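Q: Sequences are here, hints too, so could you generate the full structure?
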Amino acid sequence: MLTQQPLLPLPTAPEPVAARPARRWQWRWPVGERVLIALVFPLGLLLLWALAARNEWVAPQILPSPATVLAALSELAQSGDLTRNALVSFWRVIDGFALGAVLGLLLGIGFGLSSLFRDYVYPLFKAIAQVPVLGWLPFLILLLGMEEALKVVLVAKAVMVPVAINTDQGIRSVPAQYLEVARIYGFSRWQLLTRVILPGALPGIWNGVRYGLTNAWLALVAVELLASSEGLGFLIVYGRQLYQLDVVLAAVVIIGGVGFVLDKLLSLIEQRLLRWRRDAF
Amino acid sequence: MAHAATLDIRNLGKLYPVSGEPKPVLENISLSIKPGEFVSIVGASGCGKSTLLRLIIGLEQDYQGEIVLDGQRIIGTSLNRGIVFQEHRLFPWLTVEQNVGLGLLNSDQSPAQRKKAIQEHIDLVGLKGFETAYPYQLSGGMGQRVAIARALVNRPEVLLLDEPFGALDALTRNYLQQELQRIWEQEGITMILVTHDVEEAVYLGDRIVVMQPRPGRIKRIVDVPLARPRDRGSYEFAAIKEDVLQEFGDGKLAADLSVRRPDPVSAGEWHFAW
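Quick note, the sequences are listed as chains A and B, same order. In terms of the UniProt record's numbering, the first sequence opens at residue 1 and continues consecutively. In terms of the UniProt record's numbering, the second sequence opens at residue 1 and continues consecutively.
Check the hints yourself; a few may be wrong.
What the hints assert, rightly or not - One-sided and incomplete, this derived list gives chain B residues near chain A with beta-carbon spacing under 7 angstroms:
1) GLY71
2) ILE75
3) THR77
4) ARG89
5) TRP93
6) LEU102
7) GLY103
What the hints assert, rightly or not - Quick partial rundown of chain A residues pointing at chain B, CB under 8 angstroms, derived from the structure:
8) ALA50
9) GLN177
10) ILE184
11) TYR185
12) GLN191
13) TRP276
14) ARG277
It should be emphasised that the hints constitute simulated quantities derived from the structure, not laboratory data. Just so you know, these numbers come straight off a predicted model, no measurement behind them. Yeah, the Cβ is synthetic: ideal placement off N, Cα and C, and Gly gets one too.
A: Here it is in structure tokens:
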């Protein structure tokens, strides 16, 4: 029987209240100021660029002024070229990312859980991972042609490697103490996997996903530079061939911006997904 | 009231391979624990007292001799034996009630019964109102309370405690010792406490098992015939404490006793101050 009545008079609990105080030795700017601070270098760079263009430190054919690039951007946007090419690139990244993330997750779980699987597959995986995406390009062009499959496969490869490696490490870093808790409460293998190992490995897995998405974007642009007739990477090649450096730079700005937004998006999801890890932030 | 178990340990021995050669960590341990008894085990670092608990809970196998719980030889872990470690070992991604619920994951109770049992045990350890808190929001003492609730929620017959308060500050430790005693009296189950802290052993135990190291053996068993709640300041209390401390001899051990194990699960990010 459980009774709520304590059998002896209890002193009031001398325990500290929940929620830890912020670390005092680490100065944090308020949010508004943090945004301003983050803008110092980009704005400085912009200023330098404007100065360089105005004083013609670099030939204007090579370095158009920010205003020219902005005009090119709005022209591209109005003609629909920008949206069309950006969407093509976007879907390639999504397809390749989905494929690569699933493959990487499966591989990583395999490596993390089974030393047999690891012994058989890891060396080959490592060897394949060491060859950069562009190293595979000539071979894959012959194998897959120049169509979408080529881009998706190369992006998938760029995503798979960091996801697999980080998933593996995430799983292996789950403390042995938690596995003992699972044994004490008689967890089945499935319960062990879904309730201990995967949640425990989630920070690592998520790291891999973030790296993977950044990689995907980089790989895609690289592939589009070399073997594509549409997409943001192609826009760069196209602009260079016509000697329209304003188009090139406009595409570069968009690529950088999209990459930045993608990573921010993931970090927002992370705050939600890993909110139990607050003390590590 | 939960059924309390009789635990019989007979001629227990355990070998660990040390650089290829099997070395005894426990030798010839015999101990019989009555249902509902509270037994404290004290000893210096390396006397095998934690290993003894790990054998009883079933996390370690391959021993010589017998560990028998209610006539059944112990093989592997079982829901009728609960344990609380020095670190709380709560899953950081689960809330307090979800963590306590882990103890019932494989029980055959209905969801309604589980919910009731979880709430009762959160109340039992005095954490009403913290059901949906995450472990990072709890102090060390609160974490240990949740660990105790998790260990008790499926009504084990024996609760093992492996230096459960060793990492807490002195004030919190004293308070949780009283709480543990209250829970023990309420639940009426058998408890075995491993500790570095002789005062804690005297305060809580019906008997104190003093162990000595290399290999781990029982040196002496001291009865504590004091009524509860015990007065730490009384002469009898001090006399028993002194008696137990005498077993450690030249006082070299007192220093040894104060050594606490570092918390193995602690790694955080750090930044320079600038």
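Q: Going through the numbered hints above, which ones does this structure break? Give me the numbers in ascending order.
A: Those not satisfied are hints 1, 2, 8.
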